[in-house]
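There are 2 protein chains.
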Amino acid sequence: MPKEPVEWLGDRLRILDQTRLPQEEAYLDLGRYQDIASAITELKIRGAPAIGVCAAYAVALGGLKIETRARAEFLKELRGIIRTITATRPTARNLFGAVERMLRAAEAGRDTDRIKEALVSEAVKIHAEEAAATGKISQLGAGLIGDGFSVLTHCNTGALATAGYGTALGVIKKAAGQGKKIKVLATETRPLLQGARLTAWELMKAGIPFTLITDSMAGYFMSRGEVDCVIVGAARIALNGDTANKLGTYTLAVLAKEHGIPFYVAAPTTTFDTTLDKGIDIPIEERSPEEVTRIQGVAIAPEGTRVANPAFDITPHHLITAIITERGIIREPYGEGLRELK
Amino acid sequence: MPKEPVEWLGDRLRILDQTRLPQEEAYLDLGRYQDIASAITELKIRGAPAIGVCAAYAVALGGLKIETRARAEFLKELRGIIRTITATRPTARNLFGAVERMLRAAEAGRDTDRIKEALVSEAVKIHAEEAAATGKISQLGAGLIGDGFSVLTHCNTGALATAGYGTALGVIKKAAGQGKKIKVLATETRPLLQGARLTAWELMKAGIPFTLITDSMAGYFMSRGEVDCVIVGAARIALNGDTANKLGTYTLAVLAKEHGIPFYVAAPTTTFDTTLDKGIDIPIEERSPEEVTRIQGVAIAPEGTRVANPAFDITPHHLITAIITERGIIREPYGEGLRELK
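Line by line, the protein sequences are chains U and H. Read in order, the letters of the first sequence correspond to residues 0 to 341 in numbering that gives the first Met the number 0. Read in order, the letters of the second sequence correspond to residues 0 to 341 in numbering that gives the first Met the number 0.
All clues stand as given, with none of them false.
Identical chains share a label here; the pair holds if one copy fits it or two copies do between them.
In silico SDA-like links for lysine to any residue, alpha-carbon gap of 25 Å or less:
1. 115 to 66
2. 204 to 307
3. 64 to 28
4. 182 to 303
5. 182 to 309
6. 256 to 277
7. 256 to 225
8. 115 to 8
9. 204 to 127
10. 256 to 331
11. 75 to 40
12. 179 to 305
13. 180 to 305
14. 182 to 302
15. 43 to 298
16. 182 to 20
17. 2 to 303
18. 256 to 224
19. 256 to 220
20. 182 to 287
21. 2 to 42
22. 64 to 108
23. 180 to 228
24. 182 to 301
25. 75 to 120
26. 2 to 302
27. 43 to 297
28. 124 to 109
29. 204 to 305
30. 277 to 257
By construction, these hints were calculated from the structure, which means they are not laboratory data.
Use the sequences and the hints to build the structure in full.
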């Protein structure tokens, strides 16, 4: 990675525009919280941990620009800013967790100067903690990846998605870095092709051999015995282990079960939603039909075609072999495992 | 359908160029057998039954242009032509079955004039028989589709794919034509998007309500109880019922099993390969990497990305609820069912 995909510059946030990869490595300087909110909505920055980090910086940026020195008025304005930021995307837990932390940090400040300081330092801390968590996840998860493994992964869960080392892709990179001869099967991840555009780009930079496949090739390669494990990230995990992740994850989990292949989820504990018992309560974002009917601007279906475009699906806990967190690897029953982590 | 997707004009074959749909309804007049062979290789015409029909016309066209009046020499030249035609695509059984029939028809002719007549009439007969078979399949299969069903289908199996009424899509059209309120979920079918481009186009023309989904949404909709059955076509079926069909079919079958949803294959008996006991022996075509890395000319992955592109996968017989043929609906054990059809 030549530069960081997310970099705080004191008065603005610099991000690598993920919508322009792999054709172009273009960085955007975002000086207003609204710019960060738009960048999240438009997927210029995406991936649950990275969204959380950028949302925290958005709150900090928004706070820095509030002019009133009246504490109550300041906090009221800040809550308005937070509403805008949380309205960007509904599914990733990290977004909500990060802004809740930011609000608590603000509320602990005695005056607006200290609140502003606290907001910046809290955002920087969230970023550092998430980055550290992905490093730890990668280290722990790499122990599950055997030498010579063919590892199937979905969507993008690397540095781009986490503003750190990566979750699922971090595990893969770490295992490869340990000298294990890893082969990766990367699903392209329609509709927005995060696998083809972003994971392929990261794996190429990392020098890890990989084969890009369409999403529906996963079953083909599993049936031929060419997949040793599946590892994916997560957008939100309920207390029972049910996991919302990029659309297509559920299908991979069903296929893995059919073939007796381990299916791992790698996610920081900030992705757990301790207010939800089950995955069915996780809100699923429905995105624009054009993401399906147009690929990089080119129409692929007749005008007027009706389209579904849920961005996530829910993988039930019983299909998940283990969840790799920065505090340890947990298995069924996940509720218990999660309590033990705390 | 404004015109036939495949039309014999006596001295040439007119086909609807499927690579230009849905943007353009462009017809091509193919006057040489090599043109038809290229059209098959380049997927201007595709779908196992349609490939069989066009291959038969290619043999006829090739035969008409042979100049020698020496019977043995004629047959030798014809076999050369047939080799070119069978080298186009390896998986669809109908291609091989059709040219074998054409060769037998030629060999039965006493002189080159009669052979030429026989070639044309045999090709026309193959076309008529395949078209009639798809009509019968549609009629029989429609009985499996309940009123109000939400039917998931993959790739394109309609008039375009069959030079007739359609196999899986024929069943859907017939059920809708019987007044049943059918909703269709059509997978886009990466890499070449036959679902988004062709099935959407056919369903729109037929006025049947449908929703286009990416391939990996199938599991999502099944898990929500929104799929009542899956119906697909076939490229080649072994004696035990193992079915080669468009890549992604196997995944749909595994998902259908997981959700207890009937999984139907609709195919004319010409798709059965009576020389193969099991699906594992069916040759799977590997197509160009560019079909994955470029979508309608636009690059979607970094330069140099390694890609897999098998065009078909094998669905084992035990995942198939029933196979709908023009001679009847057969179920496990398929070998027995097939013998009873004959």
